[in-house]
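A.B. asks: Sequence order for the protein chains is C and R. In terms of the working numbering, the first sequence opens at residue 1 and continues consecutively. In terms of the working numbering, the second sequence opens at residue 1 and continues consecutively.
Honestly, the hints are just simulated from the structure, not real lab data. Note that this is a predicted model, so its numbers are computed, not measured. If a hint is listed, it holds; no wrong ones were tucked in.
Simulated DEER-style distance windows between Cβ atoms: (1) C:A38 <-> R:D49: 32 to 42 Å; (2) C:L31 <-> R:Y40: 17 to 27 Å; (3) R:T184 <-> C:A38: 38 to 48 Å; (4) R:F177 <-> C:F10: 35 to 45 Å; (5) C:L31 <-> R:L19: 21 to 31 Å; (6) R:T48 <-> C:L31: 22 to 32 Å; (7) C:S43 <-> R:A12: 16 to 26 Å; (8) R:Q187 <-> C:G24: 17 to 27 Å; (9) R:V170 <-> C:L17: 33 to 43 Å; (10) R:R155 <-> C:G16: 46 to 56 Å; (11) C:R51 <-> R:D49: 54 to 64 Å.
Where a beta carbon is used, it is the ideal one built from N, C-alpha and C, also for glycine.
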Amino acid sequence: MVWDSASDFFAMGGYGLYVWGAYGVTVAWMLLEPLLAARRHRSALQAVGERDEQGETQ
Amino acid sequence: MKKMPRLFTFAAPSRFYGLARWCGPWLYGVAAVLALWALYIGFFVAPTDATQGDSYRIIFIHVPAAWMSMVLYLAMAGWAAFGWAANARLASMMARAIAPTGAAFTFLALWTGAFWGKPTWGAWWVWDARLTSELILLFLYLGFMALVEAIDDVRRADHAGALLAIIGAVNVPIIYFSVRWWNTLHQGASISMTAAPKMASTMLSAMLLMTLAFWAYAFAVVFMRARAIVLEREGGSDWVRALALKN
Chain C
1 MVWDSASDFF
11 AMGGYGLYVW
21 GAYGVTVAWM
31 LLEPLLAARR
41 HRSALQAVGE
51 RDEQGETQ
Chain R
1 MKKMPRLFTF
11 AAPSRFYGLA
21 RWCGPWLYGV
31 AAVLALWALY
41 IGFFVAPTDA
51 TQGDSYRIIF
61 IHVPAAWMSM
71 VLYLAMAGWA
81 AFGWAANARL
91 ASMMARAIAP
101 TGAAFTFLAL
111 WTGAFWGKPT
121 WGAWWVWDAR
131 LTSELILLFL
141 YLGFMALVEA
151 IDDVRRADHA
161 GALLAIIGAV
171 NVPIIYFSVR
181 WWNTLHQGAS
191 ISMTAAPKMA
201 STMLSAMLLM
211 TLAFWAYAFA
221 VVFMRARAIV
231 LEREGGSDWV
241 RALALKN
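One chain only, chain C, in its complex shape:
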């Protein structure tokens, strides 16, 4: 085992700020980006539906 305790793990041998600063932003972005892409897809689908309704009433 590399780490003696949880606090030892989070301290990262004194490099905690750097390691978690790098990983934190990466993880946050990789959770956010799929949501943004899914939202864009949803609104595109919605726009098609709205366009279709307008087309039918004309």
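Fit chain R to the known structure of chain C by using the hints.
C.D. replies: Chain R in isolation, oriented as in the chain C frame:
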């Protein structure tokens, strides 16, 4: 000649849309499993580095992100060029779908590099050949995205974007070889085809697993964005209208 239609089956936006929808959840799943596996090896199996301490653990995301930034750029430029040369709509849409993810990986390579550079070099940033050429890559992605959004005629925008992407592709070998061509602070290539790996096998396997995870993630998110772009651009076609009515 009978086989030709099968090869290009998924060049039709409608067919691609269905394929991408089917692949998406699987790709996210594969990415998550591989990433967790890589993190487990990277944080709980790989030992502390003798010279860099635990700061070196940033390598498990830094190098894969930097690889993805270059591979995705070449993929973007390749699709953009093909979309222009062969007048293939879907190829141009793929180029646009790749750009934001490529830009994100470029940013992450720079960001994680800064957080690694500070403890090892004593500086968040230096105007070094490797770092500077990677920063230019970020500007190329942003320039491509801004250019295609700025032109209203979508096919003209695709062509202009393709030209920028193709010219910018010269930067990719410059990034890759920068550590050899110039005296730089940045260390040499982590993996070489001609030399034995310079790192312990546990470190190497964590890095390669994370690279596979990033690949699966990139496919998943690019496919999702490509589906959105297909709908945005093919909104008037019958199959898209039928799809909208179903949902």
